[in-house]
Amino acid sequence: MNLLIVRMSSIAMKIWMSLLGLFLMVFLLIHLSINLCLLRANPTWFNDAAYFMGTNYVIKVFEVVLFGGFILHILIGIILQIYNWIARPVRYKATSKTYTPFLTKYMIYTGAVVLTFLVIHMFNFYFIKLDWVKSPIPALANGHPDFYTLAAWLFSKPLYSITYIILISGLGFHLYHAFRAALQSLGLNHTKYNCAIEIIGIIYSIVIPLGFIIIPIYFLI
Amino acid sequence: MTNHKNMKFTLKIWRQKDAKSKGKFVTYKITDISSECSFLEMLDILNEQLINKNEEPVVFDHDCREGICGMCSLYINGRPHGPDDAITTCQLHMRKFRDGDTIVIEPWRARPFPVIRDLMIDRSAFDKIIQEGGFISVNTGGAADANSILISKLPADLSMDAAACIGCGACVATCKNASAMLFVAAKVSHFALLPQGRPEAKERVRRMVAKMDELGFGNCTNTFACEVECPKLISVSNIARMNREFLCAKVG
Numbered sequence: 001m002n003l004l005i006v007r008m009s010s011i012a013m014k015i016w017m018s019l020l021g022l023f024l025m026v027f028l029l030i031h032l033s034i035n036l037c038l039l040r041a042n043p044t045w046f047n048d049a050a051y052f053m054g055t056n057y058v059i060k061v062f063e064v065v066l067f068g069g070f071i072l073h074i075l076i077g078i079i080l081q082i083y084n085w086i087a088r089p090v091r092y093k094a095t096s097k098t099y100t101p102f103l104t105k106y107m108i109y110t111g112a113v114v115l116t117f118l119v120i121h122m123f124n125f126y127f128i129k130l131d132w133v134k135s136p137i138p139a140l141a142n143g144h145p146d147f148y149t150l151a152a153w154l155f156s157k158p159l160y161s162i163t164y165i166i167l168i169s170g171l172g173f174h175l176y177h178a179f180r181a182a183l184q185s186l187g188l189n190h191t192k193y194n195c196a197i198e199i200i201g202i203i204y205s206i207v208i209p210l211g212f213i214i215i216p217i218y219f220l221i
Numbered sequence: 001m002t003n004h005k006n007m008k009f010t011l012k013i014w015r016q017k018d019a020k021s022k023g024k025f026v027t028y029k030i031t032d033i034s035s036e037c038s039f040l041e042m043l044d045i046l047n048e049q050l051i052n053k054n055e056e057p058v059v060f061d062h063d064c065r066e067g068i069c070g071m072c073s074l075y076i077n078g079r080p081h082g083p084d085d086a087i088t089t090c091q092l093h094m095r096k097f098r099d100g101d102t103i104v105i106e107p108w109r110a111r112p113f114p115v116i117r118d119l120m121i122d123r124s125a126f127d128k129i130i131q132e133g134g135f136i137s138v139n140t141g142g143a144a145d146a147n148s149i150l151i152s153k154l155p156a157d158l159s160m161d162a163a164a165c166i167g168c169g170a171c172v173a174t175c176k177n178a179s180a181m182l183f184v185a186a187k188v189s190h191f192a193l194l195p196q197g198r199p200e201a202k203e204r205v206r207r208m209v210a211k212m213d214e215l216g217f218g219n220c221t222n223t224f225a226c227e228v229e230c231p232k233l234i235s236v237s238n239i240a241r242m243n244r245e246f247l248c249a250k251v252g
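Residue numbers (our numbering), protein chains in the order written: chain V, 1 to 221; chain E, 1 to 252.
Careful: at least some of the hints might be erroneous.
To be verified - Straight-line C-alpha distance at most 30 Å; calculated BS3-like pairs for lysine-lysine:
#1 E:K20 with E:K53
#2 E:K176 with E:K20
#3 V:K97 with E:K5
#4 V:K105 with E:K24
#5 V:K97 with E:K12
#6 E:K12 with V:K93
#7 E:K202 with V:K192
#8 V:K105 with E:K17
#9 V:K105 with E:K250
#10 V:K192 with E:K8
#11 V:K93 with E:K96
#12 V:K97 with E:K53
#13 V:K93 with E:K24
#14 E:K232 with V:K97
Stated by the list, open to error - Stretch by stretch, here's where chain V covers chain E in the computed footprint (C-beta under 8 Å, at least three residues):
#15 108-119
#16 207-217
It should be emphasised that the hints constitute simulated quantities derived from the structure, not laboratory data. These figures come from a predicted structure and were not determined experimentally. All C-beta atoms in this analysis are idealised placements derived from N, C-alpha and C, irrespective of residue type, glycine included.
Produce the entire structure from the sequences given, and follow the hints as far as they go.
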């Protein structure tokens, strides 16, 4: 698979990157809608949702697609970045004075922040579901780990919550450029709709991270 | 010339004997430069002074000096073609700087644009991309009537806008990834928008993109710096059009 990607043309890689990115953006929306169940004092909502996501066969199939999407998005991103670094072996002495929106230049770095978050998140939740990692909370719900209590326990720790908020902010910075860039890479650029595309992208990049950030704040205060 | 004044500058210029030598920045002080002098005239004056001192003049690309040939290629104080918008280096004037300024002058930096000497670079990579499809194949014979194929105004205008690309390479120079997407997109769009370019459209975009990749240009990350620095204001909508053309060529 790796060799196949290396042999792809630059635009083909960009198109794959965009499609995968848009797919992951849809996933984020679904993930957030489940996470917001944590805001209800009754743990049943969140645990039922977690139980459904963990046991439904359709979801299990999509889980494989999702992980494949994540891995390919990360892999293609790294390959493209390596090509980009190689394309300019001698850097300029003068710092670039060309105006470009700040966050557009740092997608690989904000992507690295998201990846860091992803690794931590997997250890905290997903690997516990798979029983690869022992849950720090012995409580069970529906015969499975009680993810509501686990989340509440983690978010009650200020250091964990602050780290979570910082890393989720990195996700927001990544998303800020993601939507418009994805559509541009897919060839969807039209003077009539560009403004709307940019606004939707900015709103998404603010609303989604804010939705995630509200949860640790709720458990902290 | 009412605002004319004499200015002095400190120039930090990249000097490199040849493609294989290791280059370095050399500092020159230059005085009595008219504010109405063009940037390249200022370099001419510097070179005259260097020649008079039996030193090697600074080699730099230039030709028409009226903003249409795309030969001049200097990265000045962090911007290709210097601190002004929608111009080539030859259209830049010293009044755009402040008296006493330090000006850092570098060649375009990109793996497919190797330095030949000092500030002169080899941009034949662009010619190689053009050779892959920057044309339409026309059989010889009687010239067709110019109005035999009607083209509506919008595609004609958009095609003309794309055709304004002079191939200077500022898009590559300013792109953080040294990507040539704007240049290739302009050439692809120029033909893709016209009925004469359609028969070879799929083959053209495939071949030109493959050559661009083969030459080692970077990838587009949609920062749109290329559009900002293009002296001919080529729009990044051309890149989107090329992406569409490429996608259609691959799946169609």
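Structure-based check of each hint:
For a cut-off of 30 Å, the pair hint linking K20 of chain E to K53 of chain E stands: about 26 Å separates their Cα positions. A hinted pair counts as satisfied when its Cα atoms are at most 30 Å apart, and K176 of chain E with K20 of chain E qualifies at roughly 24 Å. At most 30 Å may separate the alpha-carbon atoms for a hinted pair to count; K97 of chain V and K5 of chain E meet this at roughly 26 Å. Pair hint K105 of chain V plus K24 of chain E holds up; C-alpha atoms about 28 Å apart against a cutoff of 30 Å.
At roughly 17 Å between alpha-carbon atoms, K97 of chain V and K12 of chain E fall within 30 Å of each other, so this suggested pair holds. For a cut-off of 30 Å, the pair hint linking K12 of chain E to K93 of chain V stands: about 10 Å separates their Cα positions. About 26 Å separates the Cα atoms of K202 of chain E and K192 of chain V, which keeps this hinted pair within 30 Å; it holds. At roughly 33 Å between alpha-carbon atoms, K105 of chain V and K17 of chain E are farther apart than 30 Å, so this suggested pair is violated.
Only pairs whose Cα atoms come within 30 Å are accepted, and K105 of chain V paired with K250 of chain E is accepted, the gap being roughly 29 Å. The hinted pair formed by K192 of chain V and K8 of chain E fails the criterion: a straight-line CA distance of about 48 Å is larger than 30 Å. For the hint linking K93 of chain V to K96 of chain E, the alpha-carbon distance of about 21 Å falls within 30 Å, and the restraint holds. A threshold of 30 Å between alpha carbons decides the hint, and for K97 of chain V with K53 of chain E the separation of about 34 Å lies outside it, so the pair is violated.
The hinted pair formed by K93 of chain V and K24 of chain E meets the criterion: a straight-line CA distance of about 11 Å does not exceed 30 Å. With a C-alpha separation of about 19 Å, the suggested pairing of K232 of chain E with K97 of chain V holds against the 30 Å cut-off. With a cut-off of 8 Å between beta carbons, the stretch 108-119 of chain E has 4 residues touching chain V; three or more are needed, and the interface restraint holds. Given as covered by chain V, the stretch 207-217 of chain E passes the check, having 6 residues with a CB less than 8 Å from a CB of that chain where 3 are the minimum.
Hint compliance for this structure: hints 8, 10, 12 are not met, and every other hint is.
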